[in-house]
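All chains should be modelled from the sequences, with the hints used to inform the complete structure.
Next come the chains, spelled out residue by residue.
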Amino acid sequence: DGGITQSPKYLFRKEGQNVTLSCEQNLNHDAMYWYRQDPGQGLRLIYYSQIVNDFQKGDIAEGYSVSREKKESFPLTVTSAQKNPTAFYLCASSIEGSSPLHFGNGTRLTVT
Amino acid sequence: GQQLNQSPQSMFIQEGEDVSMNCTSSSIFNTWLWYKQDPGEGPVLLIALYKAGELTSNGRLTAQFGITRKDSFLNISASIPSDVGIYFCAGRQAGTALIFGKGTTLSVSS
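So the sequence lines, in the order shown, correspond to chains S and Z. Following our numbering, the numbering of the first sequence begins with 11 at its first residue and continues without gaps. Following our numbering, the numbering of the second sequence begins with 51 at its first residue and continues without gaps.
Hint data in this document are derived by calculation from the structure and do not stem from the laboratory. Check the hints yourself; a few may be wrong.
As the list claims (entries may be wrong) - Here are the simulated EDC-like cross-link-like pairs (lysine to aspartate or glutamate), alpha carbons at most 20 Å apart as the crow flies:
id, chain 1, residue 1, chain 2, residue 2
1, Z, 152, S, 69
2, Z, 152, Z, 88
3, Z, 120, Z, 104
4, S, 80, S, 106
5, S, 19, Z, 88
6, Z, 101, S, 106
7, S, 93, S, 72
8, Z, 152, Z, 91
9, S, 80, S, 64
10, Z, 152, Z, 133
11, S, 93, S, 48
12, S, 19, Z, 91
13, S, 67, S, 40
14, Z, 152, Z, 121
15, Z, 152, S, 34
Stated by the list, open to error - Listing some non-contacts, in silico: residues in chain S with all C-beta distances to chain Z over 10 Å:
id, residue
16, 27
17, 37
18, 51
19, 53
20, 58
21, 72
22, 78
23, 120
Each residue gets a CB set at the ideal place from its N, CA and C atoms; glycine is no exception.
Written out as structure tokens, the structure reads:
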């Protein structure tokens, strides 16, 4: 079955450590996205990529970094510079930039 | 950045009741999408709207793309317990990334 896989489902880290969240899709979609979800805040865009080897900052990119070396993969690194990293992180993909997004099942990151 | 105003923030209804929620903006959008999110899961696309005035149904769900292109509505008829979750609207302007509302949390009591 085609889909978007985020791993792990739950992730725990100590403050000051960088952590990388995985996102893989086998839908052959060109565009991929990372969103952050906090209670009552909706989904806020961190980074997106419309094509391999290219990506753009979203509304809340500070403290995060991404890479898009392969079409199938769009990992997100939460760096120690991110002041409030504890959140639910959602990866999504779309056929191209103007198509509806399909979401993975998220990674819940807890930093203590 | 651009914002979508989604209301109500939460709803508590009895099984069998109809539900209405909406999303508004001060700007014009050319795409409106409605998603549902179950606890601990990613949002799932319910309905996509691409044309002003468009009215689209998906089972008991009906959504409309407002004539002014600045709003959209989602109605759920005859609610059932599995309708519980968070409903998000999302809009896109030409050449920009999708913007999400803050969600409507629906609770259904049987």
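Hints versus structure:
no., hint, in the structure
1, Z:152 / S:69, "holds (15 Å)"
2, Z:152 / Z:88, "holds (15 Å)"
3, Z:120 / Z:104, "holds (13 Å)"
4, S:80 / S:106, "holds (15 Å)"
5, S:19 / Z:88, "holds (15 Å)"
6, Z:101 / S:106, "holds (19 Å)"
7, S:93 / S:72, "holds (9 Å)"
8, Z:152 / Z:91, "holds (16 Å)"
9, S:80 / S:64, "holds (11 Å)"
10, Z:152 / Z:133, "holds (18 Å)"
11, S:93 / S:48, "holds (14 Å)"
12, S:19 / Z:91, "holds (10 Å)"
13, S:67 / S:40, "holds (17 Å)"
14, Z:152 / Z:121, "holds (15 Å)"
15, Z:152 / S:34, "violated (26 Å)"
16, 27, "holds (24 Å)"
17, 37, "holds (13 Å)"
18, 51, "violated (6 Å)"
19, 53, "violated (4 Å)"
20, 58, "violated (6 Å)"
21, 72, "holds (14 Å)"
22, 78, "holds (15 Å)"
23, 120, "holds (14 Å)"
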